[in-house]
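What follows is the residue order along each chain.
Protein chains: 2
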Amino acid sequence: MPDAPLRHAYFVSDRTGITAEMLGHSLLSQFEGVEFVEITLPFVDSVDKAREAVRQIDAAAVATRARPLVFSTLVDPQIAAEIARADALFLDCFQVFISPMERELGISHTLEIGRSHRVKDNAEYTARIDAVNFVMAHDDGVTTKEFAAADVILVGVSRCGKTPTCLYMGLQYGIRAANYPLIPEDLEGLQLPASIDKYRRKLFGLTIDPVRLSQIRHERRPGSRYAELENCRHEVARAELLMQQEGIPYLDTTSRSIEELAAVIVHQGNLQRHIF
Amino acid sequence: MPDAPLRHAYFVSDRTGITAEMLGHSLLSQFEGVEFVEITLPFVDSVDKAREAVRQIDAAAVATRARPLVFSTLVDPQIAAEIARADALFLDCFQVFISPMERELGISHTLEIGRSHRVKDNAEYTARIDAVNFVMAHDDGVTTKEFAAADVILVGVSRCGKTPTCLYMGLQYGIRAANYPLIPEDLEGLQLPASIDKYRRKLFGLTIDPVRLSQIRHERRPGSRYAELENCRHEVARAELLMQQEGIPYLDTTSRSIEELAAVIVHQGNLQRHIF
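Chain order of the listed sequences is S and L.
Under our numbering, think of the first position of the first sequence as 1, with each following residue one higher.
Under our numbering, think of the first position of the second sequence as 1001, with each following residue one higher.
Don't take every hint at face value.
[What the hints assert, rightly or not] Just so you have them, the derived chain S footprint on chain L, three or more residues with Cβ under 8 Å:
1) 1005-1017
2) 1020-1030
3) 1084-1097
4) 1131-1145
5) 1190-1199
6) 1243-1249
7) 1257-1265
[Stated by the list, open to error] Per label pair, the in silico range of CB-to-CB distance:
8) S:48 - L:1245: 28 to 36 Å
9) S:272 - L:1059: 19 to 27 Å
10) S:209 - L:1233: 52 to 60 Å
11) S:268 - L:1055: 43 to 51 Å
If you are wondering where the hints come from, they were derived from the structure by calculation, not from laboratory data.
Backbone N, C-alpha and C define an ideal beta-carbon position, used for all residues, glycine too.
Could you build the full structure based on these sequences and the hints that come with them?
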């Protein structure tokens, strides 16, 4: 089978490049049969840096014998014009929307770089930091004493993805997400421990394919009983049974990204975001 | 002074809405003098849900006497067409780029919802989880024994923003970010502790406005000597002196978002990302 054709994709920004990356990555994922090499060029905030970026893009065009795709969120039209001279498909993710917005709002945009990442207000910043601290302090059931202050409590077997999902919810949405691992004792008794039973309405479950779980656990504790496929199958089956029995909604983490897990939990759990 | 005019802005997506949110928020931040109410409508994946969304958007138009702005990343043209019927400025952040991409690549897009959040491969997922675990295990200088495995070690006074920045670098870039607080002993002696001195090339510093630091510390330990403005001023001044003396690059976190701090450190530190 011949290799898929190769294309370079550049995300060019005058700031972090995260917006261009996210939009561009999402668009590229719609095309199958092409292998994309994705490169972010952040902080391109002068014509000189733009020229340097153009040299890099043009070199990729020569090397791959195919025009790269360039996703730009550049605010300054002069810098954008410089990038548009590259031997590439130039996709302007900024200007294309700014003009109709200006017409709709009846005002001009500020032409100021870096506004989107400005700290809006201290309240929002504090909410974010508080949520992150809360997640750190309540990871892995370390302490259950402040569960009353949690927006949500994730439950599931060890290593099913609770920690990163909680952290993402804290960072992205300012949500105070605690988590509590269902341990073999809980699973054998098919009963929620008393410490979380009283917060039943805050519980959201995660589950995972036992084969994947076994792989993850083997990386952590190679050759352990804990990581054995048989044991993983058993734990997952009991955990799902317990969650069904207790009416706890749950999601399978196996093929979902952390972003998606977090968004689904916020949506299904009707959670109040503290960051917008 | 009259209130700024109010506009609703909707981010409509068939999946998480994070891409629409990020792009839309960044575009809205370019307009001053309008107060935007930002609302995400995720998982709009049927015509029925689209109609429900339209009802919500139209109600906002009536209530505010101004057409809302709608940023859409909907993949399905039928669902997008339904949303476009709302009494709003409809900004299609998907189709506008897909058509030129199809022409450039000479292939059609897959028309499949949710591709951007699919887990690309287990290697990338593992890199992300590993990085998050690493950050959790190495927060606040808890252990320095694995600093050899760190991609970067953030240093700075207590509460200057090290932890959330490390977590963001782990989640977004898969970077193993440790952090180490500069404590009064280090600051008085103007000397790096031996445990981090040997990893000097991995060090990146954070600093903060003492007034802001004092506020943050007062929230955590009200009325403490630790939180006093005078003490914060002293600690920050000594920390900056130490970092200058040791040639450690550093950033002021006061008015920067966590995303921006992370992106700048990755860029300036020339760090290798493990997630693309």
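Handout entry: Hint check, failures only
Key = 5, 6, 11
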